[in-house]
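A.B. asks: Here is what each chain is made of, one letter per residue.
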Amino acid sequence: MQGAGSAVCLGRDIDTDLIIAGRYLRTKDRSVWAEHAFEDLDPTLAARLRGSVIVAGRNMGCGSSREQAVVALREAGVVGVVAESFARIFFRNAVNVGLPVIEASVSCTDGAHVAFDLDAGWVEVDGERYPARPLSSKMVAILRAGGLVPYWRSDR
Amino acid sequence: MSTLSEQILGAQAGAYVDREVDIAFAHDGTGVLAREALREMGVERLPYPERLRLIFDHIVPANTGTTATLQAELREYAGASGIEFFDAGGGICHQVMSEGVVRPGMIVVGADSHTCTLGAFGAFATGVGATDMAAIWASGGTWFRVPETIAINLSGRLSGAAEPKDVALAYVANLGMEGATYRALEFVGDGAATISMDGRLTLCNMAVETGAKAGMFYADALTIRYLTEYGLAAAPQAPEDCCYERTADIDLDDIVPLIAVPHRVDTVREAEEVAGTHLDQVFVGTCTNGRYEDLARFARIVRGEKVTVRTLVIPASRSVLARAIATGVLADIVAAGCMVAPPGCGPCLGAHAGVLGEGEVCLSTANRNFKNRMGVGGEIYLSSVATAAASAIAGEIAVPEVA
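Heads up: the protein sequence lines correspond to chains A and B, in order.
Per our numbering, the very first residue in the first sequence carries number 1; after that it's consecutive.
Per our numbering, the very first residue in the second sequence carries number 1001; after that it's consecutive.
Isolated chain B, as found in the complex (with noise of 0.2 Å):
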C-alpha cells in the first residue's frame, strides 16, 4: 500500500535513502555551476554521461557577451564529457525531457525547479541545486527524503473555457505557496483521465509553486500512446490503497478561467472579477504553457483578430515550433499580430527578450509572479492561453468566451 513515490523511491515516507538517477539535466544557468563545482571537486570523468543532458534554454540565443562566453564554455564542456547536448534553439528542458526522455518509474533530477513538470509520466522528478547536481553527474545517484503525500482528486471535466492552467491556480489558491512543502502531489480521481498529456505537464509543472518536491500523474492509456509516438514501451501504474496525508478535491466542472494576481501566485481571482485591468504586454510561452496545445489554443482564439497589446508568443520547444508551423497555428498567430522569438523560456525569469519597465503590467502563461521578477516595477498577473488570447484582442484582462 504505497504512494506513487513510495513506490519509485521504494521506501515509506520520511525514510532518507540513496538512490541512483535515470536522468539529470541542468540548463545554461545551473550548468555554469554545477561545472564550477566539478572542477572544484577534482572531477575529470563523468562515469554515466548516457544518464545525462544539459539544455540551453534560460538566456537563448546569448543577450551579452559575458552570458555567450559562459555558454561556450560550458558547450565545450558538454562536448568534451559526452553529455547529451541541446543547443540553443532546441527547447525548455523540461519540455525536452518530455519529447520521448522521460517514462514513468523513472527516477529524474533537474536542476531546475520546475523539473516536477515530469511527473506527468509517472515519474519521480524533482529539481536540485547546482551542487547537488554536479555530485549526481560525478556519482549516478543522490540522496532523497520520501515525500509525504497530498492527493488532488479530480472529478467531473472541464466545460466552457476552462483549462488545465485554471485547475493549476486552482490548486496553487487550495493549497497556498507552502501548502505542500516537503510533499509530493498526486493527481488522482476520475477527473485525471479527462486531462491531455499537454495538460497534465501543466498541472505537474505548477506543483512547486505549493512547495510540493513533485507533482505525479499515474501512467495510463494516454500516457503510453503518447510514449508510443517517441518509439518509447511503457507500462500502466496503478494507484494503490494507500495512505495520503490528506485530499484535496477540485471538481472539474466547477473550474472557470482563474487570475493569479501580484505578487503571490496563490493569490487567485476569477477572471471575471479583474477583467478590465490595463496591460502592457502579454506572454505566452514558457515551461507551463508553451506547448504544442497552448499554441494551437492561442491561434484558435486570435484567427482572423488583431492583437491590440504588445503580444509575444514563444514555442517551449523546437518540435514545438515546428509543428505548430505545419498546421498553419504559427501563421494564424504572426497573422494577428504577434511577436514570435526562438523557443526557450524567454522573459519569463527576468533576464531578457520581453522584460518589463517600471510600472508596466504583464498578463502571463507562465507559473511565478513574484514582485520584480520579470523586471523592477514590473507586475504580472498569470492566467491561461485563453484568457491571455482574449485579453490581447481586447488590449486589457478580458474573460475568454466558451469554445
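Okay, chain A solo, but in the shape it has when bound (with noise of 0.2 Å):
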C-alpha cells in the first residue's frame, strides 16, 4: 500500500482536542470537522490538508478518544500521517477510518515530497529513505480494505 503528497510538518504532542475541538464535535456532518480540523493550532491550515502528508513528532493524536480527530483529516483530504510515535487510540482509529499511519522518524521541511509504502516499510522525503516500523498484518489487512467498515463487510 503506497501513498504519495505534500509535507505538513507539526511538532511532537499534538492532542486531539488540537485536531479536532469539542465544540464541533456534536455533529455527524463530517465536512464540519475537515473544515475546523486544526483550528486552534493555525487557522489557515485546514485549506492546505487536501493532498498533504502530515508529518509529526513524538505522541501525535494523543489526549481524548475522539474518532473525529482522524475522519477529519482523512475527509480534509489528507494521504497519511507520519510520525515518529502515536498515541495508541489514535493510531487504532486512523487504521479504522482507512488513514494510513507510518511510524518512522524522518526529518521534515514543509512542502517536502513524502511518499510511503506500508507493505515494504519505508517512507521517503524529497527522495531520501527512512525506515518505517512495520504494522501487524491485521492494520494492513483493514487499510487495504479502506477501513475497518469495507473490511467487516468483506470479511462476513
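Derived from the structure by calculation, the hints contain no laboratory data.
Note that beta-carbon positions come from the ideal geometry of N, C-alpha and C, so glycine has one too.
Just so you know, not all the hints are guaranteed correct.
[As the list claims (entries may be wrong)] Which chain B residues stay away from chain A? Per the calculated CB distances, all over 10 Å, these:
#	residue
1	1076
2	1148
3	1211
4	1250
5	1292
[Unchecked claim] Here are the simulated lysine to aspartate or glutamate pairs, EDC-like style, with alpha carbons at most 20 Å apart:
#	chain 1	residue 1	chain 2	residue 2
6	A	28	B	1036
7	B	1371	B	1358
8	A	28	B	1073
9	A	138	B	1280
10	A	138	B	1229
11	A	28	B	1076
12	A	28	A	75
13	B	1371	B	1360
14	A	138	A	155
15	B	1371	A	39
16	B	1371	A	42
17	B	1306	B	1280
18	B	1371	A	75
19	A	28	B	1358
Using the hints, put the two standalone chains together into the complex.
C.D. replies: What follows is the structure, encoded as C-alpha cells:
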C-alpha cells in the first residue's frame, strides 16, 4: 500500500483537541470536522491539507479518543500521517477509518515530497529514504480494505 | 511469571491476540459515531447486549437542539438493541462502571480514552475509538497487542495535605506525556495498599496522560470489601515475580500538593511555586476527582467559609450526589457559595456548562490542560481537590493547609 503527498510538518504531542476542538463534535456532518481541523493550532492549516502527508513528532494524536480527529484529516484530503510515535487510540482509529499511519523518524520541511510504502516499510522525504515500523498483518488488511467498516463487510 | 496484563490477556507482551470482552461501553459522544458505523456495517442485531452499556455523560443535559436530537436517536437505539442504558444524570461512564459493574480480571473496553480508570479493580481496561466499538458491539471481541508494563512502585504513605491526585501528577511528570505509550502501568509496592478505592481510580484515570494503554492495581482486601458493598464476589490477585520494562519509584511520604500548569499535563510544579496565580474559575469534578471522597474532602475545607471565585462542583454520578446529600456534604458545598451541576463531565471537554472565556484562568481537578480545551484562550491548571478548595476560598491558587 503506497501513498504520496506534500509535507505538512507539525511538532510533538499534537492532541486530538487541537486536531478537532470539542465544540465541533456534536454533528454527524463530517465536512464540519474537515473544515475546522487544526483550527486552534493554525486557522489556515485546514485549507492546506488536501493532498498532504502530515509529518509529526512524538506522541501524535494524544488525548481524547475522539474518532472525529482522524475522520477530519481523512475528509480534509490528508493522504497519510507520518510520526515518530503515535498515541495508541489515534493510531487504531486512523487504521479503522482507512487513513494510513506510518511510524518513522524523518526530518521534515513544509512542502517536501513525501512518499510511503506500508508493505515495504519505508518513507521517503524528497528522495531520502527512512525505515518505517511495520504494521501488524491485521492492521494492513484493515487499511487495504479502506477501513474497519469495509473490512467487516468483506470479511462476512 | 507474568504481568497483570499478560495474566488477563493470556499472552506475553508484544503478542497480538483476539479476545472476547466482558464489558464494552460508549457515551453520548462516541456512541453517535459507533451507531453510524454499525449502520454502515449493516449490523442489525447485537449478539451480546448484556455486555454492552451506553452512558450519557459528555453533554448532559443537552445544550442545543442538535445535541438533543443526536441523543434522542441514540436513546431510541439503546432501547431497540437491548443495550443497558444510563440516561443523562446517571453519571460519568467510568464512575458508573465502577459502581458494581467492573470486577477483577475482566477485559473492559470503553469508547473513551479514560477507560483506563477501571484498571483500579485489577481489570484490563482500555479506551478505543467509535468504529472499534461498533465492531466490538457487533462481534463481542477485538484484537489487542499485549502491552509491556512499567511498574509504579509506591512506598510509604501520604501525609499532610497530599492526596492521590498529587501522586497522579507526580507520576505523569515523572514519565512524561508519552513516557508509557503502548505500555501498561502497574501500581505496586507497599504503598499501594494504603490508597483508597476512590484514590486508585484517580491514579489509574491519568495513566492515559502518559500514553499508557492501561493503569492497574492488583485486587486486594480493599478491592474485595468495596465490591462486596455492591454484592459482587471477587478473589484477590497477587503480583508475580515478573519482568517489568522498568520501574519508577514514588515515595508517598515525599508527595506534596502539585499543579500541572498550562498547557501540558507533564509540566508539574509544587503548588507553592504557583501560589498567588489569579483565578476566574475553580472546577471540582470529572472522572479524575468527582467521587464521594473528593466531594467530602472539598466540603471539609470550605465548610463555614465562602468561596471568592466562581466555583463549580459536579458529582461524578447520581450515587455520589445522593450520598453527598445524605451526609450533608452537599449542603456545606452549597452554603460556601459553590454552584452544583448535574452528574456528568461538565466543562472538562469545553463543550458546555462552565467553559472559559478568552484569557480566563481555571483551576480544575480534571486530567487535561491542553491549550483551548475548556474554551478558546482559556488557561487550565490541574490540581488536587484540597488545593482546589483552598484556592476557591483564596480566589487565587493557594496551598492547602495540612488536614
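A.B. asks: It remains to establish, for every hint, whether it holds in the given structure.
C.D. replies: Each hint tested on the structure:
1. 1076: Holds: least Cβ distance 15 Å, greater than 10 Å.
2. 1148: 12 Å, holds
3. 1211: 6 Å, violated
4. 1250: 22 Å, holds
5. 1292: 26 Å, holds
6. A:28 x B:1036: 9 Å, holds
7. B:1371 x B:1358: 12 Å, holds
8. A:28 x B:1073: Holds. Residue 28 (chain A) to residue 1073 (chain B) sits at ~12 Å (cutoff 20 Å).
9. A:138 x B:1280: Cα-Cα ~49 Å, so violated.
10. A:138 x B:1229: 42 Å, violated
11. A:28 x B:1076: 17 Å, holds
12. A:28 x A:75: Since the Cα atoms of residue 28 (chain A) and residue 75 (chain A) sit roughly 13 Å apart, the hinted pair holds (cutoff 20 Å).
13. B:1371 x B:1360: Holds: residue 1371 (chain B) and residue 1360 (chain B) sit about 12 Å apart, inside 20 Å.
14. A:138 x A:155: Holds: residue 138 (chain A) and residue 155 (chain A) sit about 12 Å apart, inside 20 Å.
15. B:1371 x A:39: Holds: residue 1371 (chain B) and residue 39 (chain A) sit about 12 Å apart, inside 20 Å.
16. B:1371 x A:42: Roughly 12 Å separates the two Cα atoms, so the pair holds.
17. B:1306 x B:1280: Judged against 20 Å, a Cα distance of about 15 Å means the pair holds.
18. B:1371 x A:75: 24 Å, violated
19. A:28 x B:1358: Violated. Residue 28 (chain A) to residue 1358 (chain B) sits at ~28 Å, over the 20 Å cutoff.
The earlier numbered hints that this structure contradicts are 3, 9, 10, 18, 19.
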